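Undergrad: Sequence:
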Amino acid sequence: MDDSNKFAKLHQQFLCCYPINKMAWSTLKLPMELEEQRALIAATCGHELNQFFPVRRSYQEAFVKRLLQLLKDHEDLHDDIFDSMCGQLAKASLDDAASDATSSSTTTSSYAYKHYVLQPGQHITLRESNSFVSEGTTGLCTWEAALALADYLLQHASLLAGKHVLELGAGAGLLGILLKHRSLQLQVGQVLLTDGSAPCVQLMRHNIALNFKDLDDVVATPQCAELRWNRVAQFEWSKYAIPDLLLAADVVYDETQFEWLLQALDYIFDLAQNRCQMLLASTVRNVDTLHKFMVKLEEHHYQVTPCANVSACASHFCRDHTAAVQIVCIKR
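Residue numbering for the sequence shown follows full-length UniProt numbering, starting at 1 and increasing by one per position.
Note that these hints are calculated values from the structure, not bench results.
Note that the coordinates shown come from a computational prediction; the quantities given were computed from them, not determined experimentally.
Don't take every hint at face value.
[Said to hold, decoys possible] If you anchor each label on the Cβ, the simulated ranges turn out as follows:
(1) Tyr253 with Leu30: 37 to 45 Å
(2) Ala312 with Leu210: 27 to 35 Å
(3) Glu298 with Trp260: 29 to 37 Å
(4) Leu34 with His291: 51 to 59 Å
(5) Ala241 with Lys6: 16 to 24 Å
Cβ coordinates follow ideal geometry from the N, Cα and C atoms, glycine included.
Please model the entire structure based on the sequences and the hints provided.
TA: Here it is as structure tokens:
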């Protein structure tokens with residue numbers, strides 16, 4: 001059996017940096033034989049995805065430390081456990097040296113990777129910022145609401161068939177890459193990812209290149225562009241298909257941006273002659289803020305319908321289901 005299949009849940013959780021204290025440690029059968037220890041490291045720190053596109057160094061260190069705590073009463077520990085830690089320390093020294101050699105704010109050590117395993121042998125790899133706020137934007141990493149919306153779309157794939165999709169505030173690009181992922185065969189039309197931040201658009205391009213071989217195939221590959229909500233009328237709409245479905249995740253948290261977002265929605269719905277709908281996913285951090293935006297939507301003559309979240313047992317992703325996420329469908 002392949003090592004990643006043998007420890008499938010821990011493998012999936014490790015690669016997407018699922019919180020260490022919430023990982024499926026209970027699936028390990030203690031005491032672990034040396035071969036079992038080797039197989040676990042091979043499925044996590046030593047996996048080829050992590051070797052080529054490593055997850056955060058601090059996360060790997062925390063993972064190994066937690067594993068050592070579980071194995072502390074065992075006399076025999078496999079060398080691969082310590083080798084994985086030493087390898088990360090050595091790489092850290094090289095990264096720090098590279099960071100010292102450049103004054104750029106986007107050095108390699110500022111970023112790491114996450115891998116979202118969809119099914120055995122199928123995954124999405126994203127380069128993300130190590131900080132929630134970086135380069136003046138929050139969009140350089142994947143937020144919880146994007147994972148919840150991704151789950152919803154996979155469970156309601158009929159919404160996507162033949163539809164042209166536009167995402168607002170696409171950040172690192174998870175949703176668009178998911179929709180065009182060859183293994184899923186979702187039969188979606190054109191997918192356009194947009195963000196008002198130039199660094200986010202640059203990051204999306206990088207992540208699209210990581211996950212798709214033929215970047216010139218505009219049908220099979222998601223497209224991306226910079227779209228500022230306060231300049232929506234100046235966007236080159238003629239270059240892209242009129243959207244049937246709008247997506248947005250974690251864009252409703254700053255009340256100062258509400259009018260610009262609503263202006264963008266009004267323009268796009270007018271462009272589509274109201275023959276489109278929007279799925280909006282929001283992590284519920286402040287109930288009042290979300291409520292104010294819903295009231296604004298009604299003032300702009302939108303109909304808002306709540307959508308049911310995907311249950312933890314049916315989820316395709318390792319995500320924190322204790323975090324409240326609201327998904328709504330918006331029509332006009």
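Undergrad: Is the hinted range of 37 to 45 Å satisfied by the C-beta distance from Tyr253 to Leu30?
TA: Given range 37 to 45 Å: holds, Cβ gap about 42 Å.
Undergrad: Is 27 to 35 Å right for how far apart the beta carbons of Ala312 and Leu210 are?
TA: holds, 28 Å
Undergrad: When you take the CB atoms of Glu298 and Trp260, is the distance between them in 29 to 37 Å?
TA: Violated, at about 18 Å.
Undergrad: I want to verify a distance hint. Is the separation of the beta carbons of Ala241 and Lys6 within 16 to 24 Å?
TA: violated, 44 Å
Undergrad: Given the hint of 51 to 59 Å, check if Leu34 and His291 actually sit that far apart at their C-beta atoms.
TA: holds, 56 Å
Of the numbered hints given earlier, the model fails hints 3, 5; all others are met.
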